[in-house]
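> Residue numbers (my numbering), protein chains in the order written: chain A, 125 to 778; chain B, 125 to 778.
Any given hint might turn out to be false.
The list treats identical chains as one, so a pair stands whether inside a single copy or across any two.
Unchecked claim - Listed next, the in silico DSSO-like pairs over lysine-lysine satisfying Cα-Cα at most 30 Å (straight line):
id, residue 1, residue 2
1, Lys771, Lys478
2, Lys647, Lys159
3, Lys330, Lys771
Keep in mind that the hints were calculated from the coordinates and are not lab data.
Model, not experiment: these values are computed from the prediction.
Spelled out from the first residue to the last, the chains are:
Number of protein chains: 2
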Amino acid sequence: MDIPALLTSAGMNIGISVGMFTLYSILRKQPLNVKVYFGQRIAQGRTRNENLCFERFAPSASWILKAWQATEEDIFASGGIDAVVFLRIVVFSIRIFAIATILCTFLVLPLNYFGEGMVGIEDPTAMDLLTIGNVREGSRWLWAHCFTLYVISACACTLLYFEYENVARMRTEQVQRFPTRPSNFTVVVRGIPWSSIESYSESVGKFFSNYYASSYISHQIVYRFGAVQQLMEDAEKMYKVMTTVPVMATIPDKQCCEPNAERCGLCGAGAGSNSFKKIDGGSTFANRNVNDELREKECEAALVFFRSRFDALVVSQTIQSADPMLWVTELAPEPLDVFWQNLCVPYNLLWIRKISVFIASIVFSVLFLLPTTFVQGLTKIQYLQNAFPFLRRVSDRSYINLITGYLPSLVLTVFLTIVPPLMMLFSTLEGRVSRSTRKRSACVKVLIFMFWNVYFSNILSGSWIERMGKLTVTSPKDLATLLAELIPRQASFFMTYVMTSGWSGLTFELLQPVPLVGNWLFKCVLMKEDDFVRPMTFSFHTEVTRVLLFGLLGFTFCILAPLILPFLLVYFCFAFLVYRNQIMNVYYVKYQTDGSYWTLAHNATIFSLILTQVVAGILFGMKKSSTASTCTIPLIICTALFNVFCKNRFLPLF
Amino acid sequence: MDIPALLTSAGMNIGISVGMFTLYSILRKQPLNVKVYFGQRIAQGRTRNENLCFERFAPSASWILKAWQATEEDIFASGGIDAVVFLRIVVFSIRIFAIATILCTFLVLPLNYFGEGMVGIEDPTAMDLLTIGNVREGSRWLWAHCFTLYVISACACTLLYFEYENVARMRTEQVQRFPTRPSNFTVVVRGIPWSSIESYSESVGKFFSNYYASSYISHQIVYRFGAVQQLMEDAEKMYKVMTTVPVMATIPDKQCCEPNAERCGLCGAGAGSNSFKKIDGGSTFANRNVNDELREKECEAALVFFRSRFDALVVSQTIQSADPMLWVTELAPEPLDVFWQNLCVPYNLLWIRKISVFIASIVFSVLFLLPTTFVQGLTKIQYLQNAFPFLRRVSDRSYINLITGYLPSLVLTVFLTIVPPLMMLFSTLEGRVSRSTRKRSACVKVLIFMFWNVYFSNILSGSWIERMGKLTVTSPKDLATLLAELIPRQASFFMTYVMTSGWSGLTFELLQPVPLVGNWLFKCVLMKEDDFVRPMTFSFHTEVTRVLLFGLLGFTFCILAPLILPFLLVYFCFAFLVYRNQIMNVYYVKYQTDGSYWTLAHNATIFSLILTQVVAGILFGMKKSSTASTCTIPLIICTALFNVFCKNRFLPLF
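Between the sequences and the hints, there should be enough to build the whole structure, so can you do that?
So this is what it looks like as structure tokens:
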């Protein structure tokens with residue numbers, strides 16, 4: 125790919141982005157779309173009064189201003205701690221890549237361009253002249269690259285440390301902020317042993333009143349076939365009928381982050397579990413033997429309520445039985461966070477499910493090499509002309525720039541849309557009992573998938589095509605050398621990827637096309653009164669991953685092919701504004717992980733840094749600058765030590 | 125190496141072993157050596173009355189009978205739970221290798237011998253004819269190998285499961301057996317924050333009486349420069365003078381496994397810490413400001429005593445501070461188990477020490493390739509003749525069988541003797557606060573070292589010499605193929621290693637040459653009254669490792685070169701008798717890990733099994749028996765699943 129292809133891609137993406145932004149600024153003012161763009165405000169009972177005037181149809185940038193002016197307290201009030209942490213990740217990226225952009229554009233880029241390393245080589249593409257590949261062997265200017273690497277690593281570690289400290293502080297403050305969270309008083313018990321003489325409920329009651337007599341209050345067994353959900357929904361409907369107020373509006377304005385404990389009876393007092401019985405008594409089961417009916421539906425899982433947070437914590441961290449697969453305890457999730465259907469999965473099966481999911485993930489990753497190779501085939505279409513002569517006609521056409529520049533990253537982005545839902549399904553199958561841990565687990569899976577399948581496999585398959593299958597890796601050292609040689613060559617593809625997946629992705633995030641069109645169809649075509657759009661939770665597993673993937677791209681390319689950095693910086697700045705807007709207006713907070721996404725971001729950043737340093741070290745070696753190469757070794761060691769220190773210092777709090 | 129060399133080695137080792145056993149049966153009856161061979165009895169205050177008669181100088185096998193007749197209760201009484209677990213590992217090895225020997229000798233060995241795979245090859249050595257290398261390609265008899273592999277794996281997993289269950293039960297019984305262990309009521313606190321206004325002791329007192337008012341009793345700060353040890357030794361001397369009874373005799377007969385709590389004031393009541401102050405008051409410090417003196421010597425570590433085991437456990441598992449590197453708590457070791465000098469290591473430095481030790485271990489492992497290659501050079505001396513012509517003279521001599529057969533494994537065994545002390549030093553530097561965890565950590569290190577440096581590097585360096593440096597590994601698949609090809613070829617070397625390190629090693633263990641000669645020099649030459657021999661603790665880190673290494677050899681060679689199995693079985697049977705004798709007579713129990721060596725044995729066995737299966741699968745593939753090769757895949761998966769199941773089922777108890 126060369127400059128015209130890159131420019132085509134940039135043009136396409138800038139055009140799409142500007143168009144979408146303009147469209148958004150108009151659409152958001154239409155009353156029809158208020159549920160699409162202001163889901164959270166609706167949920168909080170706040171409404172907007174818009175009059176039919178000219179301003180409604182004029183594009184404006186007022187939302188950008190509002191997003192910019194919002195304080196961290198506003199974000200916390202609208203999106204909870206996870207949203208704040210996510211925006212801290214974006215801010216961290218902006219800071220570090222601003223530093224990197226300045227350093228690399230004014231120091232590394234000119235050195236690369238005037239490096240004269242490709243003087244002897246025929247027909248170097250313009251893009252290659254800007255990479256480290258153009259620095260000639262043994263050049264003394266490689267010291268500048270090494271210095272830049274040191275500065276960037278030092279800044280990244282410093283910023284990481286302060287952010288980690290900040291997030292850890294916020295996380296501990298959460299405990300003080302919500303002293304009466306029901307989850308802090310409740311323990312989930314799984315693997316209750318089966319007994320022929322008594323029901324699970326009786327077993328649980330006996331066990332805990334025997335061993336924790338002073339702190340145990342009561343318990344609630346979980347029922348199969350969604351009995352609990354059914355009861356909850358019934359109660360909710362009754363409540364709705366009686367008050368004729370939308371359910372979402374019952375959540376108080378300022379406590380939106382704190383789930384409403386009274387709604388499902390997990391408040392730690394006995395009242396919750398009694399209320400279930402009352403409803404049972406008055407239902408159609410009344411004349412039958414309700415106990416027998418219920419006993420059949422009992423799962424081997426229960427929620428147990430304790431008098432104090434300390435008691436619940438102690439119970440949750442103690443092994444209760446000589447067989448550690450019986451009476452397994454852990455702190456319960458918040459009421460709205462519980463993923464009921466997984467509570468009924470027998471605890472014995474969990475490890476098998478986890479292993480199956482692990483294997484399935486690997487198989488899926490391997491299968492995904494096919495679309496990746498296809499995408500790289502599009503980028504390197506000129507290399508395929510010998511094998512497939514019919515492609516020669518294509519490459520003469522005027523739209524070749526579109527095919528090699530814009531299409532590949534579009535195809536990849538489209539293929540990648542199936543990944544997050546699939547990983548979410550995997551995480552569900554793993555048997556997580558809370559929605560928040562399920563989402564976090566999906567996030568880990570998507571992250572590893574993206575790092576492997578977008579980054580490494582694109583680099584490797586791209587070079588495999590360039591060399592027409594003659595890619596033999598004969599030792600780990602070869603692999604590292606190969607990476608060092610290939611990463612700079614893939615820079616232009618990743619630049620287009622940043623634009624397509626990053627810039628255009630942001631506009632899609634902003635515009636919410638699926639709910640928008642769905643809402644429009646529902647209201648204007650089908651003429652239904654029900655809402656198509658329900659308030660959504662923020663999909664951290666896709667967005668955190670995307671930001672971290674761009675971080676990886678930024679770090680690894682920063683000194684090898686610095687031209688990618690301005691594109692990334694633009695992405696991060698827009699991401700900051702767009703996500704702030706979305707978090708404050710669109711998404712609804714149902715559950716939180718108390719900032720545990722930061723650990724992922726930290727690990728991903730450290731991984732990116734060390735990869736960068738290793739690749740740079742090898743490249744310096746290949747350029748015969750052995751001192752610069754040796755100088756990266758202490759840097760790698762220091763980064764690894766810093767990581768271990770942070771693990772010791774902060775991780776126990778997460 | 126061929127049959128004569130192997131026979132030379134066998135002859136040497138059998139001769140040495142029989143001689144040593146005879147010598148031992150005489151030496152153990154001499155009153156001079158009673159402290160060498162009956163250290164434990166002396167420690168328990170029991171003595172033997174031997175008269176000067178003919179029987180004292182006649183070899184006898186009575187000790188074998190006694191060792192055989194001892195029950196598990198006897199072992200438990202003499203050696204504690206760790207000794208029982210160690211002997212369970214030996215018994216497990218005897219059982220599984222008895223099955224393997226029967227199957228392989230009567231099924232696999234004849235098939236290998238009549239396999240006709242080496243018909244076309246010139247001059248196959250007799251040893252090679254007995255390995256799987258002699259089965260011709262595509263032979264249907266490979267099914268028998270596959271079947272044997274299945275039977276051995278199934279038996280190993282079944283036996284492992286029951287042993288794990290057994291050990292886990294013993295471990296939980298320990299808690300009931302010793303309800304008043306001081307360690308269960310005591311918590312070690314490290315990383316006490318420094319304060320300019322109060323001493324560490326005051327900080328600890330304030331902290332725990334503030335947060336754990338109901339359960340906290342008192343605390344004892346740890347002092348630098350061995351102040352505590354000094355005080356203890358003073359107290360011990362005083363006690364000795366006053367009672368004129370040997371200190372060791374104060375340990376009651378049946379409670380030898382239960383450290384005597386009163387001796388160092390960790391009994392959970394305040395008395396312990398008060399007694400220190402009394403001694404201080406009466407010492408030479410009396411006229412100075414004792415408090416200032418002591419405060420300077422305070423470490424940032426303390427022992428805190430609680431009212432109940434539950435309270436201590438809860439405190440030990442709770443994060444005490446928002447900075448997890450301050451107020452770090454863990455359950456204290458038993459009084460005799462505490463490694464005092466490491467308690468004074470600042471907690472902040474521990475992670476750096478651990479990383480340094482990790483790096484040092486890797487460096488040492490790499491350096492150890494030199495002696496390994498030298499050893500393999502001795503075995504393959506005929507391959508080196510081209511490069512070093514002067515060796516040709518050597519290979520014509522009559523002692524060539526000694527050089528290729530006996531010498532290599534002797535040299536390796538001698539080099540390996542420096543490994544356990546070095547790893548123990550590494551574990552000390554890591555900053556473990558108890559002797560038992562230090563020894564267990566050393567055991568892990570030695571185990572990994574042995575598996576890597578004795579097993580893999582011998583196999584690889586051996587083949588490197590055979591091919592005169594033309595050993596290129598070009599992919600992970602190549603490495604596996606290489607292993608599958610090379611492992612059978614190293615069988616004869618490992619047979620001699622089993623004899624030298626195993627058989628002769630056992631006789632050395634029995635004879636205890638160093639204490640024996642030392643004791644003799646001290647008593648008869650230097651005419652000293654003091655004892656040279658002090659009661660020793662059993663060195664689990666060398667012996668567990670040796671048994672597990674032989675297990676690895678047994679599993680990986682069982683279907684490839686089954687001739688090694690009888691040698692191993694003889695070793696394990698003798699090991700059973702010798703170790704029982706030594707545990708009951710020689711070693712003294714100072715501290716225990718409550719059976720945590722079993723987890724090591726389990727992991728090592730699973731590793732050996734899976735390695736065996738992988739290598740066998742590849743070999744079947746190389747022999748063009750693709751069905752047999754495919755059949756090993758479910759076996760590998762089942763073994764891995766079994767391991768995960770055991771981890772879930774039993775590991776939380778350890």
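> Let me make sure I understand: some of the numbered hints might not hold for this structure. Which ones are they, in numerical order?
The structure conflicts with no hint, since it agrees with every one listed earlier.
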